[in-house]
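Note that UniProt numbering numbers the sequence shown so that position 534 is 534, with each residue one more than the last.
Warning: the hint list may mix true and false statements.
[To be verified] Subject to a maximum C-alpha distance of 25 Å in a straight line, what follows is the list of computed DSS-like cross-link-like pairs (lysine-lysine):
id	residue 1	residue 2
1	K483	K464
2	K484	K464
3	K384	K439
4	K484	K439
5	K439	K464
6	K75	K384
7	K145	K384
[What the hints assert, rightly or not] The calculated label-pair distances, taken between Cβ atoms and stated as ranges, are:
id	residue 1	residue 2	range
8	M446	N492	36 to 44 Å
9	Q294	V421	45 to 53 Å
10	T350	S122	55 to 63 Å
11	A117	P337	47 to 55 Å
12	A361	T329	28 to 36 Å
13	Q365	V417	31 to 39 Å
14	S122	Q365	52 to 60 Å
Honestly, the hints are just simulated from the structure, not real lab data. Cβ coordinates follow ideal geometry from the N, Cα and C atoms, glycine included.
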Amino acid sequence: MTTNQLESALSDGAGAASISTSASRPLGFQIRIPLWSILLGWTILFAGGLSLSIGLIMADASSTSLVEVSDQLRKYSMDEATAAINSSLLSMESVLIAVSEDYQLLSFVNSDPDIGATGLTSLDLFSAQAMQLAGKFKSACSSIKVCHVVGVWIADNAILSYTSGNPAFFTVQDQSTLAAGNYSNRYTVVLDVNATATLDSSTFMDRNVITTFNSSNAFATLGLFDYLTSLFWAELITGSSNFGYNRTYLSYDHHILAMRPIFYNLPYGLASNQHYQAVARASMSISSLEEFMQDLNATDNGILFAIDPTWYMISASRLNISVVNYGRTRWLCSANPNQLVADSCTFLNTTYAGNMTAIPAEGLQITFQSAGSGTVFLDVRWIKRTNLDWLVISAIPRSDIYAAVDSANMHVTIAAVILSVVGLVLSFALAIAVTRPLKTLQRMMMEARSLRFQEIRDEDYLNKRSILAELASMEDTFHHMLKKFAEGIQANRSLVPRKSPSANQHSSMGGTHVGASGCRTAVAASMGQLHVSAADAPNSNLSDRKSLNALALGAIRE
Numbered sequence: 001m002t003t004n005q006l007e008s009a010l011s012d013g014a015g016a017a018s019i020s021t022s023a024s025r026p027l028g029f030q031i032r033i034p035l036w037s038i039l040l041g042w043t044i045l046f047a048g049g050l051s052l053s054i055g056l057i058m059a060d061a062s063s064t065s066l067v068e069v070s071d072q073l074r075k076y077s078m079d080e081a082t083a084a085i086n087s088s089l090l091s092m093e094s095v096l097i098a099v100s101e102d103y104q105l106l107s108f109v110n111s112d113p114d115i116g117a118t119g120l121t122s123l124d125l126f127s128a129q130a131m132q133l134a135g136k137f138k139s140a141c142s143s144i145k146v147c148h149v150v151g152v153w154i155a156d157n158a159i160l161s162y163t164s165g166n167p168a169f170f171t172v173q174d175q176s177t178l179a180a181g182n183y184s185n186r187y188t189v190v191l192d193v194n195a196t197a198t199l200d201s202s203t204f205m206d207r208n209v210i211t212t213f214n215s216s217n218a219f220a221t222l223g224l225f226d227y228l229t230s231l232f233w234a235e236l237i238t239g240s241s242n243f244g245y246n247r248t249y250l251s252y253d254h255h256i257l258a259m260r261p262i263f264y265n266l267p268y269g270l271a272s273n274q275h276y277q278a279v280a281r282a283s284m285s286i287s288s289l290e291e292f293m294q295d296l297n298a299t300d301n302g303i304l305f306a307i308d309p310t311w312y313m314i315s316a317s318r319l320n321i322s323v324v325n326y327g328r329t330r331w332l333c334s335a336n337p338n339q340l341v342a343d344s345c346t347f348l349n350t351t352y353a354g355n356m357t358a359i360p361a362e363g364l365q366i367t368f369q370s371a372g373s374g375t376v377f378l379d380v381r382w383i384k385r386t387n388l389d390w391l392v393i394s395a396i397p398r399s400d401i402y403a404a405v406d407s408a409n410m411h412v413t414i415a416a417v418i419l420s421v422v423g424l425v426l427s428f429a430l431a432i433a434v435t436r437p438l439k440t441l442q443r444m445m446m447e448a449r450s451l452r453f454q455e456i457r458d459e460d461y462l463n464k465r466s467i468l469a470e471l472a473s474m475e476d477t478f479h480h481m482l483k484k485f486a487e488g489i490q491a492n493r494s495l496v497p498r499k500s501p502s503a504n505q506h507s508s509m510g511g512t513h514v515g516a517s518g519c520r521t522a523v524a525a526s527m528g529q530l531h532v533s534a535a536d537a538p539n540s541n542l543s544d545r546k547s548l549n550a551l552a553l554g555a556i557r558e
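Sequences and hints are given; from them, build the entire structure.
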């Protein structure tokens, strides 16, 4: 190839480089989306969206599952509470039946024929036989947490009973104790007029002598008073008496009383049918039932309480909110000093217009808003036994169940946001790791197509490879093409004059000089090593092999 041919080829190459790249594209408008932008956008949207979606799904799933769990918790806690209270009542009934059916007690009471004649007894309740009975009463009561008193009233003037507590004591009253003024307390009892035997201070429990295990001067602190307290009676002998069939309330100090008359069909007061010889009794104290119900609370701030059909308190899982200072007055539940109890009863009273019997027999599981506790889960169950109707109510502030989960959901939401941000950052970093070398390769190929290699040399691009196998393979291919191009330049270096013309030849060569200068300028521009102009062409030493190699390969190293 002659010098003119080389000049022509390089001039054509340089000319081609000046042509817009769009000239080689097909005619017509075409949309071209860079691959790197697709990869970057897709990675960010997919990974970030996936992270956010997972977080939101977790939060929603935990909230949904918690509703189911809370419903099951409420149902389970009410099942357990009502079962426990029913079990306590059953235990007291069992004690009552056991006492009233005790052969020794029946034999002892039946040994006094005066009971059937006068309704009074002269039995010695300090006898060995009576004390053995007292020991049985103690054994029957002491093992039951809610049991407070077990005993028997004999005729209209005698009492023998055991009272739990610290200290525990026996209550004994018979004819021999009536004169013991220092050991007596006076109580008044008035039964409903429908009772077969009317008991008053002249005939029944006028004085009570209290003896203890270790002292003879401990007086009873709990006694009989003239106000109504809820009670329950065991099933009576059908037709024997109307005592209890009219659900007569016996006034007794904050006790829940179970009674069972003992009949021997002995004639007494024929005008008023038969009269019992004795009455077996077993009772729970309000305070002991409160202590028992404390263990039935489902949550720390929740409360469990029982009321009777007149909306008065029976007992609760908080101390001293059922009976006013454990005295003679019970709290109306809607006026209870405990705000959660009062709000719950007010809601029920308003909802059912004060008619407790309108509350469904299967109970309720509802939610209401309390001024003091916010959202409250309210569960209501009936407990019905012989002569006993109680409404057991559980009130649990929503925060007791959901507070920890609300906090956890907040943490899940925060974690989801953090995860999304981290996902976006990692996605962006991953997208950059993939698209940046691809975009760099694209730019270098565009530079090479325009025969500009300066950036390739400056960035030392030939010595860099992507960590991604496919991109590294593409870079290898591109570098190989550049190498072949450089080798082509080297292979044709003999066509370039080895020495520059002398000063005397400039004028004589004329167009040849101009052509050689143009050749050098095109080669230098195409290789990005030297930018030779017509002004500095005389200073170039193109005949030197080292300079030619530098011209051809200075920016494109193998």
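Verification of the hints:
1. Our distance criterion of 25 Å between C-alpha atoms is met by K483 and K464, whose separation comes to about 15 Å.
2. Distance check on the hinted pair: K484 and K464 sit about 18 Å apart at the alpha-carbon level, within 25 Å; holds.
3. Annotation: proposed proximity of K384 to K439 is violated, straight-line Cα distance about 82 Å (limit 25 Å).
4. For a cut-off of 25 Å, the pair hint linking K484 to K439 stands: about 23 Å separates their Cα positions.
5. A distance of roughly 14 Å separates the Cα atoms of K439 and K464; the hinted pair therefore holds under the 25 Å criterion.
6. Distance hint between K75 and K384 is fulfilled; the C-alpha atoms sit about 19 Å from each other, no more than 25 Å.
7. This hinted pair checks out: K145 and K384 have alpha carbons roughly 21 Å apart, not beyond 25 Å.
8. For the pair M446 and N492, the beta carbons lie near 25 Å from each other, so the given range of 36 to 44 Å is not met.
9. Distance hint check: the CB atoms of Q294 and V421 are about 48 Å apart, consistent with the given range 45 to 53 Å.
10. In this structure the hint that T350 and S122 lie 55 to 63 Å apart at CB holds, the actual value being about 58 Å.
11. The supplied range of 47 to 55 Å is met by A117 and P337, whose beta-carbon atoms lie about 52 Å from each other.
12. Separated by about 30 Å at the C-beta atoms, A361 and T329 satisfy the suggested range of 28 to 36 Å.
13. For the hinted restraint 31 to 39 Å between Q365 and V417, the CB-CB distance of approximately 35 Å keeps it satisfied.
14. Judged by the Cβ atoms, the range 52 to 60 Å given for S122 and Q365 holds: they are separated by roughly 58 Å.
Checked against the numbered hints given earlier, this structure breaks hints 3 and 8; the rest are met.
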